[in-house]
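Asks: Read off the chains here:
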Amino acid sequence: MPKTGQDLRKYLRVEMMPNVWCPGCGHGNISRAVATAMDSMSLDPDQVVLVGGIGCAGRTPFYMNTHAMHTTHGRALAYATGVKLATPSLTVIAVLGDGDALAIGGNHFLHACRRNIDITAVVYNNGIYGMTGGQVAPTTPEGFRSATTTLGNIEPPFDIVNLALAAGATYVARTTTFDVREMPAMIEAAIRHRGFSVVEILTQCPTYYGRLNRLGDASQMLDYERDITVPLVELTRDEVARGLPIGVFRDEAKPEYVDRYRALVERAVRGDDA
Amino acid sequence: MTRERSARAAPRLIQGNEACALGALRAGCTFYAGYPITPASEIMETLAKRLPAVGGAFIQMEDEIGAIAAVIGAAWAGAKAMTATSGPGFSLMQENLGYAAMTGTPCVVVDSQRAGPSTGLPTLTSQGDVMQARWGTHGDRAALVLTASSVRDVYEMTVMAFNLSERHRLPVVLLLDATLSHMRENITLPEVQVEDRRAPTSLEGFEPFRGAEFLPFGAGARIVVTGLAHQASGRPAASDGANAERMLRRAMEAVEADPGVFLHRVEATDDAELVILAYGITARAAKAAVGQLRAEGVRAGLLELQTLWPFPETLVARVAGETEVLLVPELNLGQLVLPVRAAVSGTARVVPLNRADGVLFSPDDIARAAHLAMTGRETVHA
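So the sequences go chain by chain: F and V. Reminder that position 66 of the first sequence reads as 108 in my numbering, one-by-one numbering, no gaps. Reminder that position 104 of the second sequence reads as 117 in my numbering, one-by-one numbering, no gaps.
Only chain V is shown next, with the shape it has when bound in the complex (with noise of 0.2 Å):
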């Protein structure tokens, strides 16, 4: 025992950014692109410093549309990429974040959300850009986005970010928040597992867009990528329809098919009268909340949401059936929880609980509002 302790690292203090950073480098990232944003600065910072030592390749482009589509250019080039940004330059990524799910590019874009719109309260916390990490680009796509609760859940849910994006062959948003970014915690950095590119086992009829596999440039066969609709060989059908449709039903079916997509935790949910679904930074004060609800006398559960999109709803409909109450705290004006109302679909009652002042939840909010929501009230109010 004392031997296994020692040879593992000590644990040090760490800071929710520099833990993305750590967490991209454990998990093969060896190409960064960004623009300086608050409150996602430091991640970039790292990279910057710890890249070079590791023969990776890291540029600080001239606005955060080139450093997504750097970061796409590099994906193609093959390798693992990552920017990280905040809402404004979140929204000025959307184009090429569809570009990235049109042309299956592996890739993991992190917002450190900020509240907004437009300039807003740059270094106050939000959970604001839930919907436009779902429909911030045009059209339909098949979306992967995640969330994380504490520093340590930083570092794992990077890699997993990588992992899904690999796998799924998607560009992976991670949402992070302000408060999430620049908290440290005292952590020793968990093992985890590393997924990576899957190559062609052949390049004999290998057509780049029929599945997982990806090649990269110069790997062998000539590729085209291209943002319009294309066959299964990279070939543009601009005016097939039918085909568009099909590549992008494939894509979605694809993930949602995926079990291990799915991340979430459930706490003290079995006998809970009213469930506290929430994710991100609020899920921590969320799970303190159950703790004195249940010290309260109310039978408290918590459903914490690691992956927002595509949305749990078989999950989430399972547990509001075995409820009363569904209180969905947000740092927004209500986001999530319209899935959730549809999802739920009248079995429990959901009651949205937000606040959009750049101002975190404390557990006792959270409480309050779980008494106030068991008396039968539609809304409450921190």
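The following block holds chain F by itself, in its conformation from the complex (with noise of 0.2 Å):
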């Protein structure tokens, strides 16, 4: 939650509002917490770049009032490595959702990770397609019900976390949206985390997820979000099954890509000839 008096009108494009997403959708919650961190490390916001892809999270970019950068489908993080190896000064968040980041975007994002460049994706995970009318996602867990799988889902699920460890990228951390008081925090490190980082936020979408799984209201499911997940720190080795973990799995420092490639080009401007 925001400090006491923390105003956050300097990061947020108020004049963009009301937003696109429904009563009830944690996307709100989510983009507060990105302006709360933004607010917390006193970032200058001519200085970030918030890159999001086609989707309700791909819209968050237009409410913050930082630069923007509303690209297409998938290809956020592409785009971010862009900006990022261009202009290495840019601070470089991303914010996708799960389909964005995992099904059109899959290739992008396990690059992304591999090259451990110095970038921020905030993984928005409703578990389902919401702009689009509530169409199954590469998140959605197996037996439950979308727009196009009304007799369940027959595909099991890609674990983000799991998927961002073994593809390389070195803050990895999990939260949901009924967990919004840690939330800041953890968007915070991951920003201050030199390297790739992915913040996986569990996040209710009650017009679609909710209504065709029958999991009530948005409070109900900020319910349910608590239910189905267990901190980290309370896990033992033997428990792994009470719930999905949700914490920070790694909070590892190692070479960046964009300082790679600045060593490599003092070493070509020098001459030094491989």
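In short, the hints are calculated from the structure, not lab data. Where a beta carbon is used, it is the ideal one built from N, C-alpha and C, also for glycine. Be a bit skeptical, because a hint or two may be false.
Claimed, not checked - Facing chain V, according to a computed beta carbon distance under 8 Å, are these residues of chain F, among others:
#	residue
1	Asp88
2	Val91
3	His109
4	Thr113
5	Thr114
6	Arg117
7	Thr123
8	Thr129
9	His153
10	Leu205
11	Ala209
12	Tyr303
13	Ala305
14	Ala310
Unchecked claim - To give a feel for the contact side, a few chain V residues facing chain F, derived at Cβ under 10 Å:
#	residue
15	Ala66
16	Ile81
17	Ala82
18	Trp89
19	Ala267
Stated by the list, open to error - Below are the DMTMM-like pairs computed for lysine to aspartate or glutamate, each with C-alpha atoms no more than 25 Å apart in a straight line:
#	chain 1	residue 1	chain 2	residue 2
20	V	Lys62	V	Asp209
21	V	Lys62	V	Asp76
22	F	Lys296	F	Glu308
23	F	Lys52	F	Asp81
24	F	Lys296	V	Glu75
25	V	Lys62	V	Glu31
26	V	Lys62	F	Glu308
27	F	Lys52	F	Glu230
28	F	Lys52	V	Glu217
29	V	Lys62	V	Glu258
30	F	Lys52	V	Glu220
31	F	Lys296	F	Asp259
32	V	Lys62	F	Glu197
33	V	Lys62	F	Glu298
34	V	Lys62	F	Asp301
35	V	Lys62	V	Glu75
36	V	Lys62	V	Glu198
37	F	Lys296	F	Asp265
38	F	Lys296	F	Glu230
Hints are included, so try docking the two chains, each in its own frame, into the full complex.
Replies: This is how it looks when you write it as structure tokens:
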């Protein structure tokens, strides 16, 4: 939660509001956490670029008073890579939906993790395609219903955290919109982290995911998020099945892509030839 | 004279793809993102080696979609940026090429054409992407598509592609082909003019999508870039169709109003009874064919189009009005001949000459076709 008296208006593009999100959608809470993190870091909004793809989450850059790049479906991380590599002094944050990040954009997600480029990816995971009317996503759990799995989903979902860990991201965390108090600090740590950071946030879509799976209204969905997750710190080795773990899974210092590229440029400018 | 000559670089053997990379560097390109593909890879290899030494950035992306996306991102971060590919990769780039057009992003996309469709004939030459370069994206857009017919031309047209992309804030496509990309010629790199990005004179009331002035991220005014239809301010206006059409027409009209866009060469057209309208590598054989035909008593001329899109309707109509036959050789099954026919609209007889088997036209092929065309044939074969 914002500190008392924390004024986020500096980071919000108020003239673009109201936003497109449905009543009860969790995306606003995540966006607020992103703004809170930027405020806690006193980031100069003119040196921040928010890059979004297509879908509900991809709209976030419009509402943030930073530079906004609303790109094509799935490609936000590739655009972000160009921005960061061309002008490394910019802080680059990609805001992605789960379908945007892992279905159409899965390849870019894997390679951004592998490169360890200093970009923060905030993945808004509501388990469904919201903007197009509630179709199944690569994160929809088995058995769950959507507009294209009316008899229940028969595909196993991706685990975003495990995918990011395996692909080489150097900061990987997961939380939920129920844990809204902890969210800004987690996003701040991800932005401060020098390397590719992934923060997956389970967020409620009462309009489709909730309605089609009888999970109740937004408030009930928040309780549901609480019930299906377990803080990592509380988990012992034997308890992994108790629920979906949330917390920071990896925070390690490894050579970052742009730093490595700059070192290579220095060598080339000096004329050292390999 | 001697002194002047000795002060200039000695001619050296340069490959087409290398000339493209050198042209990009000369134009001030500081960012390249690409993905390996025959016959374009040497452009990427040359820039991978040379960009670090000039403080530029190079990245090999995970696919061509990522490559053009990174190029557009880099352009908005302030770089002059380029990617190069061939047919299959060019197809993958189309959606984001449309994004670059929609967002007024200056950047250069080089397509070294190979015979398609699909994987096709990867090492064989083609001019099959003429229509894709114009119409490959969904929707209408302002398109700027250039070609080249020699290694020296590749260098100059790469610089020109950057210049026009900066002048009009558009993605510019440069169409090469497998032959030109891999051909080596002994040349001296010519002097060129380089145009730079136009920054706004004042940030007060600056609207990022009003005109040719371009402001990158981090330069003082907060920018919203979106592929949605938008106002001049950048604010999305996705339900305002009239605004969307106005923005689109304005971009297209700005390009077509610039006489510097319609690059071409004419040779011996004044008294010509037959004009060969050719572009790219085919123009080279056509030029030789003109000499051959003249020697054989046919009053032949050449119109080489260096700019394919926007299509130079007025120029083609004028040339067609002063000749009897327009022979249009293309290494495809008839693409540019379509707007040629539309522009000519009955004045001269338009005769297409086509092949899509990955083999170049020889001057003999074209001269033979010209003789047949003069006998009144509507279609001729090489």
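Asks: Each hint should be assessed against the structure and marked as holding or not.
Replies: Now for the hints, and whether the structure bears them out:
1. Residue-level restraint check for F:Asp88 holds (minimum Cβ-Cβ distance to chain V is 6 Å; threshold 8 Å).
2. Residue-level restraint check for F:Val91 holds (minimum Cβ-Cβ distance to chain V is 5 Å; threshold 8 Å).
3. Interface restraint check: F:His109 against chain V, minimum CB-CB distance 4 Å, threshold 8 Å, status holds.
4. Using the Cβ-Cβ criterion of 8 Å, the hint placing F:Thr113 at the interface with chain V is satisfied: the shortest such distance is roughly 7 Å.
5. Checking F:Thr114 against chain V by beta carbon gives a least distance of about 5 Å; that is within 8 Å, so the hint holds.
6. Nearest Cβ of chain V to the Cβ of F:Arg117: about 4 Å, under the 8 Å cut. The hint holds.
7. The beta carbon of F:Thr123 comes within 5 Å of a beta carbon in chain V, closer than 8 Å, and the hint placing it at the interface holds.
8. Proximity of F:Thr129 to chain V holds as hinted, the smallest CB-CB distance being about 4 Å (cut-off 8 Å).
9. Interface restraint check: F:His153 against chain V, minimum CB-CB distance 4 Å, threshold 8 Å, status holds.
10. Below 8 Å, beta-carbon pairs count as interface contacts, and F:Leu205 has none with chain V, the closest being about 15 Å; its hint is therefore violated.
11. Proximity of F:Ala209 to chain V is violated relative to the hint, the smallest CB-CB distance being about 11 Å (cut-off 8 Å).
12. The closest approach between the C-beta of F:Tyr303 and any C-beta of chain V is roughly 7 Å, which is under the 8 Å cut-off, so the hint is satisfied.
13. Annotation: interface hint on F:Ala305 violated; nearest CB of chain V at approximately 10 Å, more than 8 Å.
14. At about 4 Å, the closest approach between the beta carbon of F:Ala310 and any beta carbon in chain V falls short of 8 Å, and the interface hint on this residue holds.
15. Hint status for V:Ala66 relative to chain F: holds, with the closest Cβ pair at about 4 Å, below 10 Å.
16. Because the closest C-beta pair between V:Ile81 and chain F is about 8 Å apart, less than 10 Å, the hint holds.
17. Here the hint on V:Ala82 is kept, as its CB sits about 4 Å from the closest CB of chain F, short of 10 Å.
18. Interface hint at V:Trp89: satisfied, since its Cβ lies 6 Å from the closest Cβ of chain F, which is below the 10 Å cut-off.
19. Using the Cβ-Cβ criterion of 10 Å, the hint placing V:Ala267 at the interface with chain F is not satisfied: the shortest such distance is roughly 24 Å.
20. Restraint check: the Cα-Cα separation between V:Lys62 and V:Asp209 comes to about 24 Å, which is no more than 25 Å; the hinted pair holds.
21. Between V:Lys62 and V:Asp76 the CA atoms are separated by roughly 20 Å; this keeps the pair inside 25 Å, and the hint holds.
22. Of the supplied pair hints, the one linking F:Lys296 and F:Glu308 holds, its CA atoms being roughly 20 Å apart against a limit of 25 Å.
23. For the suggested pair F:Lys52 and F:Asp81, the alpha carbons sit about 8 Å apart, so the restraint of at most 25 Å is met.
24. Our distance criterion of 25 Å between C-alpha atoms is met by F:Lys296 and V:Glu75, whose separation comes to about 21 Å.
25. Restraint check: the Cα-Cα separation between V:Lys62 and V:Glu31 comes to about 11 Å, which is no more than 25 Å; the hinted pair holds.
26. Distance check on the hinted pair: V:Lys62 and F:Glu308 sit about 13 Å apart at the alpha-carbon level, within 25 Å; holds.
27. Among the hinted pairs, F:Lys52 with F:Glu230 is consistent with the structure: their alpha-carbon atoms are about 17 Å apart, no more than 25 Å.
28. At roughly 19 Å between alpha-carbon atoms, F:Lys52 and V:Glu217 fall within 25 Å of each other, so this suggested pair holds.
29. Restraint check: the Cα-Cα separation between V:Lys62 and V:Glu258 comes to about 43 Å, which exceeds 25 Å; the hinted pair is violated.
30. For the suggested pair F:Lys52 and V:Glu220, the alpha carbons sit about 20 Å apart, so the restraint of at most 25 Å is met.
31. Pair hint F:Lys296 plus F:Asp259 does not hold up; C-alpha atoms about 42 Å apart against a cutoff of 25 Å.
32. The suggested pairing of V:Lys62 with F:Glu197 is violated, with an alpha-carbon distance near 44 Å, which exceeds 25 Å.
33. At most 25 Å may separate the alpha-carbon atoms for a hinted pair to count; V:Lys62 and F:Glu298 meet this at roughly 21 Å.
34. Distance check on the hinted pair: V:Lys62 and F:Asp301 sit about 18 Å apart at the alpha-carbon level, within 25 Å; holds.
35. Under the criterion of a C-alpha separation no larger than 25 Å, the hint pairing V:Lys62 with V:Glu75 is consistent with the structure, at around 19 Å.
36. A hinted pair counts as satisfied when its Cα atoms are at most 25 Å apart, and V:Lys62 with V:Glu198 qualifies at roughly 21 Å.
37. The straight-line distance between the Cα atoms of F:Lys296 and F:Asp265 is roughly 37 Å, outside the 25 Å bound, and the hint therefore fails.
38. Taking the CA atoms of F:Lys296 and F:Glu230, the gap is about 18 Å. The hint holds against a cut of 25 Å.
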